[in-house]
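S.K.: Construct all of the structure, not just a fragment, from the sequences and the given hints.
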Amino acid sequence: MKAAGIVVEYNPFHNGHAYHVQQTRKKTGADCIIAVMSSSFTQRGEPAIVPKWQRASMALAGGVDLVVELPYPFAVQTAEFFAHGAISILDALHCEQLCFGSEHGNIESFLQMAQRLIDEQEKHNERVKHYMQQGMSYAKAYALALGDISRDVLDISQPNNILGLHYVKAIQEQRSRMKPETISRIVAHYHDETLPTNEQIASATSIRRFLQSGRAEDIVRYVPHITYETLQTYRMWHDWESYFPLLKYRLLTMEIDDIRRIAEVEEGIEHRLKRAIVHATSFHAFLSAVKTKRYTWTRLQRICTHILTNVTKKEMAQAIEQKRATYIRLLAMNDKGRAYLQTVKKRTALPLITNVKHIQHDPVYHIEKKATQAYLSVLPEPLLTEALRNEYATPPLR
36 MKAAGIVVEY NPFHNGHAYH VQQTRKKTGA DCIIAVMSSS FTQRGEPAIV
86 PKWQRASMAL AGGVDLVVEL PYPFAVQTAE FFAHGAISIL DALHCEQLCF
136 GSEHGNIESF LQMAQRLIDE QEKHNERVKH YMQQGMSYAK AYALALGDIS
186 RDVLDISQPN NILGLHYVKA IQEQRSRMKP ETISRIVAHY HDETLPTNEQ
236 IASATSIRRF LQSGRAEDIV RYVPHITYET LQTYRMWHDW ESYFPLLKYR
286 LLTMEIDDIR RIAEVEEGIE HRLKRAIVHA TSFHAFLSAV KTKRYTWTRL
336 QRICTHILTN VTKKEMAQAI EQKRATYIRL LAMNDKGRAY LQTVKKRTAL
386 PLITNVKHIQ HDPVYHIEKK ATQAYLSVLP EPLLTEALRN EYATPPLR
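Start counting at 1 in the sequence shown, then tack on 35, and there's your number in my numbering.
Don't read these hints as lab results, they were simulated from the structure. Please note that a few of the clues may not be correct.
Unchecked claim - Beta-carbon label-pair distances, calculated as ranges: (1) 395 / 352: 19 to 25 Å; (2) 61 / 209: 34 to 40 Å; (3) 157 / 317: 42 to 48 Å; (4) 209 / 307: 34 to 40 Å; (5) 396 / 170: 40 to 46 Å; (6) 174 / 419: 31 to 37 Å.
What the hints assert, rightly or not - DSS-like mimics (lysine-lysine), calculated; alpha carbons at most 27 Å apart, straight line: (7) 37 / 309; (8) 328 / 348; (9) 371 / 309; (10) 371 / 214; (11) 404 / 380; (12) 214 / 61; (13) 392 / 358.
All of these numbers come straight from a predicted model, not from anything done at the bench. Every residue, glycine too, gets a C-beta built ideally from N, C-alpha and C.
M.R.: Here it is as structure tokens:
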């Protein structure tokens with residue numbers, strides 16, 4: 036059997052994602068589509084709107100054959116580490132191809148740009164430092180430095196192009212045999228906040244925005260029926276505002292030195308966090324008060340996520356030191372996915388995990404466990420205790 040991999044968040048699964056799955060199967064001719072999916076929090080430092088089990092179920096209904104987890108240390112990260120974690124998992128599962136969506140749509144440009152970035156890494160690092168010394172955020176400095184060496188090969192101002200570039204670069208650096216492919220994003224852009232009038236594909240950002248503003252009925256045409264049904268059944272949609280009281284409690288009771296030890300906290304931002312939290316009455320107001328040119332909204336959200344989950348620099352460094360995952364947790368599969376696992380399970384480079392009780396003393400899982408507990412902590416009792424129990428007892432969905 037031939038497998039193709041995709042890297043996803045499904046926050047939530049919508050018609051654009053269904054198109055991606057269909058086009059991946061068509062473009063690669065794969066028998067099995069494997070999705071490596073972020074667990075409880077996303078790359079931009081946001082809580083997933085519903086838990087991973089519900090999103091994995093949506094994925095199976097949407098045409099994915101096997102869903103595995105991208106653990107927190109890689110899921111809530113810069114594009115480089117996000118890509119390395121995902122690629123290491125798909126490579127260990129012997130995927131022959133990776134297919135990602137991009138604004139550019141031409142794989143040759145990604146291959147060329149990734150190799151150029153590897154060859155000119157030292158020059159790129161120097162340019163990043165140059166731009167940061169001018170007061171720019173790391174993300175802005177990184178993009179400008181990439182532009183200095185891209186010579187119009189690839190528009191790296193687009194978010195999916197950036198991620199795609201790092202997927203291809205990770206494949207090359209890990210010496211994976213996976214062949215990358217890309218398909219063009221259609222209709223909706225990643226950050227769009229409005230629902231298009233004459234189309235059936237909208238961004239996940241706009242879908243979440245309408246859900247959380249109490250207009251769930253407006254998203255019906257943009258998501259598969261199973262997604263809408265799942266969202267209605269779960270009903271308690273997670274967002275940062277519901278976690279804000281917990282975040283405020285954490286910051287109010289932490290000492291400056293404790294905040295300084297948290298992952299991604301640098302350059303004195305801990306003082307701004309500590310001052311702003313006293314007067315903030317909402318998460319949005321809090322981040323608005325802390326945000327600077329140097330610290331983007333996304334970077335601050337990731338820092339807040341690390342504070343909420345109590346992930347320190349030391350813990351994160353240990354978890355991502357090798358830029359590779361240490362296990363593969365199976366979340367969901369259909370018959371085709373199960374059949375594929377039977378063909379590769381004896382030769383996977385990482386242990387396949389169906390029960391987390393079997394993971395011992397693993398720095399990646401140590402962080403993942405804390406993140407899951409923090410994510411579920413906004414649930415009322417007895418739902419919280421039940422959800423915690425299910426997290427450790429639930430076998431892969433079938």
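S.K.: Take a look at whether the Cβ-Cβ distance between residue 209 and residue 307 falls inside 34 to 40 Å.
M.R.: holds, 37 Å
S.K.: Range first: 40 to 46 Å. Now tell me if the beta carbons of residue 396 and residue 170 are that far apart.
M.R.: This hint holds: roughly 42 Å between Cβ atoms.
S.K.: Between the beta carbons of residue 174 and residue 419, is the distance compatible with 31 to 37 Å?
M.R.: Holds - the Cβ-Cβ distance for residue 174 and residue 419, about 35 Å, lies within 31 to 37 Å.
S.K.: Taking 27 Å as the top limit, are the C-alpha atoms of residue 371 and residue 309 close enough?
M.R.: Since the Cα atoms of residue 371 and residue 309 sit roughly 51 Å apart, the hinted pair is violated (cutoff 27 Å).
S.K.: Under the criterion that the straight-line Cα-Cα distance not exceed 27 Å, is the pair residue 328, residue 348 satisfied?
M.R.: holds, 23 Å
S.K.: Given the proposed pairing of residue 37 with residue 309, does the C-alpha separation stay at or below 27 Å?
M.R.: violated, 52 Å
S.K.: Given the range 19 to 25 Å, decide if the beta-carbon distance of residue 395 to residue 352 lies inside it.
M.R.: holds, 21 Å
S.K.: Is it true that the C-beta distance of residue 157 to residue 317 lies inside 42 to 48 Å, as the hint says?
M.R.: Hint holds: Cβ distance 44 Å, inside 42 to 48 Å.
S.K.: Hinted pair, alpha-carbon criterion (27 Å max): residue 404, residue 380. Please report holds or violated.
M.R.: This hinted pair holds, its Cα atoms lying about 24 Å apart.
S.K.: Okay, residue 61 versus residue 209 on CB: inside 34 to 40 Å?
M.R.: Taking Cβ atoms as reference, residue 61 and residue 209 lie about 26 Å apart, which means the hint is violated.
S.K.: Can you confirm whether the C-alpha distance between residue 392 and residue 358 stays at or below 27 Å?
M.R.: Satisfied, since the Cα-Cα distance of roughly 24 Å is no more than 27 Å.
S.K.: Taken at face value, is the distance from the CA of residue 214 to the CA of residue 371 at most 27 Å?
M.R.: holds, 22 Å
Against the hints set out earlier in the document, violations occur for numbers 2, 7 and 9.
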